[in-house]
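A.B. asks: This is what each chain is made of:
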Amino acid sequence: MTEALRVEDVHKRFGDLEVLRGIDLTVAEHEVVCLIGASGSGKSTLLRCLNLLEPVDAGRIWIHGQEVTAPQVDQNAIRRQVGIVFQSFNLFPHMTVLRNVSLAPQRVLKQPAGTAEANARELLGRFGLDDKADEYPDRLSGGQQQRVAIARALAMEPDVMLLDEVTSALDPVLVAEVLDVIRELAEQGMTMVIATHEMGFARDVAHRVAFLNEGEIVEEGPPGRIFTDPEQEETRRFLDRIIAAGRM
Amino acid sequence: MQAEPSGGPPIGSTRSRVFHASGMKQEGARGVAIAMVSTLLIVVLVVVFVTRSAYWPDFKEAFFNRQIFLDSLPGILAKFRRNVVYFCIAEVFVLIFALMLAIMRSLRGPVFFPIRAMAIVYTDVFRGIPTILVIYLLGFGMPALAIPGIPRSATFWAIVGLILSYSAYVAEVYRAGIESVHPSQVSAARSLGLTRGQSMRHVVVPQAVRRVVPPLMNDFVALQKDTALVAIVAALPEAFRQGQIDKAATFNFTPIVAVALVFLLITIPMTRFTDYLVERERRKRQAGSTV
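First to last, the protein sequences are chains A and B.
Quick note: the first sequence, position 141, residue 140 per numbering that gives the first Met the number 0, numbers continuous.
Quick note: the second sequence, position 145, residue 144 per numbering that gives the first Met the number 0, numbers continuous.
No lab work stands behind these hints, which were simulated from the structure alone.
Among the hints, a few may not be true.
Stated by the list, open to error - Per the computed footprint, the stretches of chain A lying under chain B, defined by three or more beta-carbons under 8 Å from a beta-carbon of chain B, are:
| no. | region |
| --- | --- |
| 1 | 72-80 |
| 2 | 91-99 |
| 3 | 150-161 |
All C-beta atoms, glycine included, are put in the ideal place defined by N, C-alpha and C.
Produce the complete structure using the sequences and hints provided.
C.D. replies: See the structure below:
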């Protein structure tokens, strides 16, 4: 098993609030890990730390054996290897869909415009968005926008994809089309860390599930065990609440 | 953010906006009729009151002399071309220089402190000094120095004064625009490996500039008006200076009134256009926030 990502004792605080209190996590290549837990448990912050969008206060992170929390590391180079997709899409509203996807490959990877656009069209085609390439994001449904955001991250050919509650801002009817895309990525062997509230999806797609509570990983293991027979009391209570809310 | 094609009524004309502002929109045709009658009544009352005044003939003679107006208007219109040229030159430089200032001011990190501080001091100083003083100082002062290689045209320095002064205002407008772009846009750009500078150039600034077009237009209406300040130093007469020359020749203020009308000819359409842009921007935002 080749290690894709390793997190050791990562701490992060915002002012007085300690959001991550010593996270340890290892993700193997081609592995899909789902982070579950209540809002505010630190899932999003952990993903943002992995992408270096937030500097960690303590602890270390390695991506493919390279320590990315080391001083003097080229953050832009790291971000090229790690794609992130946000809950609120964050597409660039002033650019066409095609430009959203081809901008970074062109500016960062220095691909010629023709190559970048051809790749972008191919990715969009894969996600059923062929006819949307020349539209602006605000003409698209939420599900379409989120698929564009996934395509935009994939266009950089990352080694690891981080998905931050990518279906939480979507109408229930649009959730499936986005989950299908992610499922397809998992089948193709993309290494992914996915923060999600979609427990059914997590059970299907994850190799491993980690339950976060108040900035700590309380419990992790294969989805079959976590969802049916959790060892920790907090995990049990969280899953009971999810079931009571009808989300599983 | 699924924007429906806007199905609302077309952008209101000035008239409908006035009625709307005064709460008459709902009252329909009857409201319009009442408005017309009462407006007519008040206009007639004011006209009768003013023209019955004992001083009206003197006033009319000093400001609204028909013959003097017709005599001076062509010359003023011809010279007004200079005001438009000054405006066009100044506008281009203001747009570029102000954007540089705004970007300098939005640089983050301790390394850039001196640059940030320079931009802040600049905007504070030039926003705080009356434009007329800047033009006076440069327009009379610089040519008087007679430094070789430095232009000696007072007009040149007056336009430089306008650029320096207006860049400070416009930089603040740009800065507001830059700050209005949500941080998540920068997160998205940086997460793709774009550098800070690339994120600024491709993601933040294009969105900021689009948003500040209406307030920028406001400043440009003001800039067009303030080209009249060049008159205090310039040897070449522009519209206001020409008006002063005609006034001195006729001992009558009508030429100056003519200058005012010529300015209105261009500033009122600019203002209306700005209102239209503001309204359009407001609608767009509303459409965006309903999703």
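A.B. asks: If a hint holds in the structure, say so; if it does not, say that too.
C.D. replies: Hint by hint, here is what the structure shows:
Coverage of the region 72-80 of chain A by chain B holds. Counting CB-CB distances below 8 Å, 4 residues qualify, and the rule asks for three or more. Only residues whose C-beta sits within less than 8 Å of a C-beta in chain B count toward coverage, and the region 91-99 of chain A has 3 of them, enough to reach three; the restraint holds. Restraint check on the region 150-161 of chain A versus chain B: 3 residues with Cβ-Cβ distances below 8 Å, three needed, restraint holds.
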